[in-house]
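One line per chain: the protein sequences are A and B, in this order.
Residue numbering for the first sequence follows our numbering, beginning at 656 and increasing consecutively.
Residue numbering for the second sequence follows our numbering, beginning at 656 and increasing consecutively.
What the hints contain is simulated information worked out from the structure, not anything from laboratory work.
Careful: at least some of the hints might be erroneous.
As the list claims (entries may be wrong) - Ranges of calculated distance between the beta carbons of each label pair, as one might list FRET restraints:
# : chain 1 : residue 1 : chain 2 : residue 2 : range
1 : A       : Ala1084   : B       : Thr771    : 28 to 36 Å
2 : A       : Pro995    : B       : Arg839    : 42 to 50 Å
3 : B       : Pro768    : A       : Ser947    : 53 to 61 Å
4 : B       : Ala1140   : A       : Ser947    : 45 to 53 Å
5 : A       : Asp770    : B       : Ala1070   : 20 to 28 Å
6 : A       : Ala693    : B       : Gln671    : 30 to 38 Å
7 : B       : Tyr746    : A       : Leu989    : 29 to 37 Å
8 : B       : Tyr746    : A       : Ser947    : 37 to 45 Å
Backbone N, C-alpha and C fix where the C-beta goes; we use that ideal spot for every residue, glycine too.
There are 2 protein chains.
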Amino acid sequence: MAAAPVWSVDPRTGKQREQVAVEATAQEVDAAVEAAHAARAALADRSVRSAFLRSAAAGLDAARDGLIETADAETALGPVRLTGELARTTYQLQSFADIVDEGAFLDVVINHPDDTATPPVPDLRRHKVPLGVVAVYSASNFPFAFSVAGGDTASALAAGCPVVVKAHPDHPALSELVAKVLRRAAAEHDIPEGVVGLVHGFDAGVDLIRHPLVAAAGFTGSVRGGRALFDAAAAREVPIPFHGELGSLNPVVVTEAAAAERAEVIGSGLAGSMTLGVGQFCVKPGLVLVPSGAAGDGLVKALTAAVADTDAGVLLDHRMRDNFIAGVAERAQLPEVETPVTPGAGGEHSVSAGFLTVPARKLAEEGAYDLLLEECFGPVTVVVRYEDADEATAVLSRLPGNLTATVHLSGAEAAGEGRGAEILAELTALAGRVLVNGWPTGVAVAPAQHHGGPYPATTSTSTSVGGTAIERWLRPVVYQGTPEALLPKELHDENPLGLPRRFNGVLER
Amino acid sequence: MAAAPVWSVDPRTGKQREQVAVEATAQEVDAAVEAAHAARAALADRSVRSAFLRSAAAGLDAARDGLIETADAETALGPVRLTGELARTTYQLQSFADIVDEGAFLDVVINHPDDTATPPVPDLRRHKVPLGVVAVYSASNFPFAFSVAGGDTASALAAGCPVVVKAHPDHPALSELVAKVLRRAAAEHDIPEGVVGLVHGFDAGVDLIRHPLVAAAGFTGSVRGGRALFDAAAAREVPIPFHGELGSLNPVVVTEAAAAERAEVIGSGLAGSMTLGVGQFCVKPGLVLVPSGAAGDGLVKALTAAVADTDAGVLLDHRMRDNFIAGVAERAQLPEVETPVTPGAGGEHSVSAGFLTVPARKLAEEGAYDLLLEECFGPVTVVVRYEDADEATAVLSRLPGNLTATVHLSGAEAAGEGRGAEILAELTALAGRVLVNGWPTGVAVAPAQHHGGPYPATTSTSTSVGGTAIERWLRPVVYQGTPEALLPKELHDENPLGLPRRFNGVLER
């Protein structure tokens, strides 16, 4: 059987641009994993790792124009957005280089012997070591930040783990270009190029998760695809950690007082957030609780005006466009759903933004309206009109887990009056990031960031953005009674590498 | 159908002591989980949690004599060992109280807004929150330290998670007594007694892992039982973290030089470790690589003398005794296996210790001898005689994951000469705790401790002993743009609770 070709496709026309590669066979996946596995030793030295990450960032910056051009041709996301995303991606690589140099992620804990403890404590010295080869599943919607050189790859390499990336079929040409930049950066530091493998094809993705030398996986994508890979990871003879980001509604609550205070600002802000990147953000606000009555009506009016004014946009591929059109049509036909601005086909290759409204009581119990509690990828949101706090709470209690949850409060509520704290507690139970008077689109790269949440937002309690993302690819090892001559320098008493650590119970910085 | 009775059994006689309870129905499991879920709010305050843990420790100490008597009657582990184990258990509860008070486990990270970053960073404040109700599966072999008031329960309560414990059928009467002590301690601090639930029965354990309100699980037991529960946890509509400790061979390597230097000491030390607690430790050294030749022969001779001198002992239950007798017989009949001291039935209710020897080359490739690479619970170990370093490495490379791995080195090797560092690297790949010139039995409770390892040692990268065990029951949440009036005190700028944290990139202690 001839190898299946991998085409780069222009979503603005639906036409094939070029054949980029062929889908990887099981043998080719095996070769990529073996090559990555063989590169582990070259990543052992932390200073080599951080230098590699900085070279990768510099290499991407240097190749910017060509990368942006290819990315735009394959994704239609536009040069402005893509330039920003690439800058974020190189900043992320640099941030992980800093994290590697600092070494706090090694979580060094040292206990000297203590014969008075029960049972007695021997000499114990703990740090963290890399897990091994990490499989990275690229996202469609972030061709840079959550793809070949994205957060999973950056954090895995920072941890000392080689990666094999499964390219997303929406941007195979860009994936090849980015992988080449990473490999060139590796070669500059005498790291074998196999440290970053790249494979194409659905079956290759399945072969990858089942490979005995793959030690962990990172995934950003749909609930269906992510759950299938999660199940495969758990069903292995030796199960492996699967850190998947699957789906999120990103609920927003607008209080009565907030709507009364800022109906116009909130309505137009929502329009901007839900249509950003043609509604293709995993943190798009997909369900918005708006009070019934005049203030809420004002918000809906502002939202209507702003959404109606939004240009049609091109989705990442035609399958997504079909799903969007079918998904919004199915939702719109529910009897009590209204469509102040009807989303749908915007042209032969584009879609137009819109939103639905529904009374909260339709969502208080299981039924046909539960379709509105499922994520719909693209420029659409569901505005749920509630009569009182109890109705809003009833809807929130029916939501699955989320990446984000947002509340818009009035000035007085933000200062502590009213139900602000109560709503914040309700939202904390639902999500990994809770926002006040903001919009969830835009995920800052920062030490405090957390991009994850209760299932199906993520399949683990960890994050794929921010400094702590590195924790996913490490495991602790403790050395007992081990002479200093044989210990890694990280665990020596005198702390020659100046690492933050816990030394005989005391935190040292 | 009448509820199935739960009997307390004396393993020294095989006779039923008393009926302790009945197996929990699905409705009773549901009630226990609901009661635990309802107790979450009462654990929200950290100072209440730490006071509760200290009262629990004091309550166990006060009830010591009765607890030890019941534990000994149900497990035959003897009052000396059980008294030590109880002291370790109360120390563990107190240690977690200290950890709760210190608050480092909250992992507070604060970033002030930074408009110069790409993308701009808003105000972000991250800490960790409890996951919810934790299911705890008790171990047979540690009726205190890994059971109702053991490490899983202590760390879950410390994290703010109520627990429902599935009692082990080998010590149901003790389980009831310990649960009562914990509930009395809870009541002292106005925490609902449902904060510690207790259920009996195999089916109840399965119902528990499937309950929608159970948010995570801790398990200590066999590969078969643990894997079945792990699979059930992964197959849920909403999968949950399953932190299971399943099985471990705990390999030991004795170098030629070490054997030449201390054959007698190592041989008798091994006898002590493998027969401790009648060989019922999860960290029992189950496979020992000993050099062929005169020095290794000396070690085997010392081992033979010491093991032959060991009294017969009573295993935790008669099913274990049957499995031990059958398991050692099956292994002993392999053609090139020898039994310098034959393990097996030691009397009507007891077993006698012994060990097997086998040439390393029989284990270099897959085959019938692979049975020797499976854990055999009870007082037996497998001595593998190797010709050279390559043979030892070949055997190590065939081992599954382990809790511990140990090397015995000569004085010169411990000082850095020879292959010490190389062997240490081989062992690091195999286990979560690596020991030099010690024995793995005895797991200290200390901040640096790590009790976990590559599968099947554990099903996750976390530990069930030591301070970091608390990490298993938490998830991060970040607040974005949230006014201080609505933020938990843990996340206020001025740090009113004096927490260790990362503040604008800088680690503060």
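Tested hints:
1. At about 34 Å, the CB distance of Ala1084/A to Thr771/B agrees with the hint of 28 to 36 Å.
2. Between Pro995/A and Arg839/B the beta carbons are some 60 Å apart, a value that contradicts the proposed interval 42 to 50 Å.
3. The hint said 53 to 61 Å for the Cβ distance between Pro768/B and Ser947/A, and at roughly 35 Å that hint is violated.
4. Taking the beta carbon of each, Ala1140/B and Ser947/A are about 28 Å apart, not inside 45 to 53 Å as hinted.
5. Here the CB-CB span from Asp770/A to Ala1070/B is close to 24 Å, well matched to the stated 20 to 28 Å.
6. Here the CB-CB span from Ala693/A to Gln671/B is close to 59 Å, at odds with the stated 30 to 38 Å.
7. Evaluation of the 29 to 37 Å hint for Tyr746/B and Leu989/A yields a failure: the beta carbon distance comes to about 59 Å.
8. The beta-carbon spacing between Tyr746/B and Ser947/A, approximately 58 Å, falls outside the hinted interval of 37 to 45 Å.
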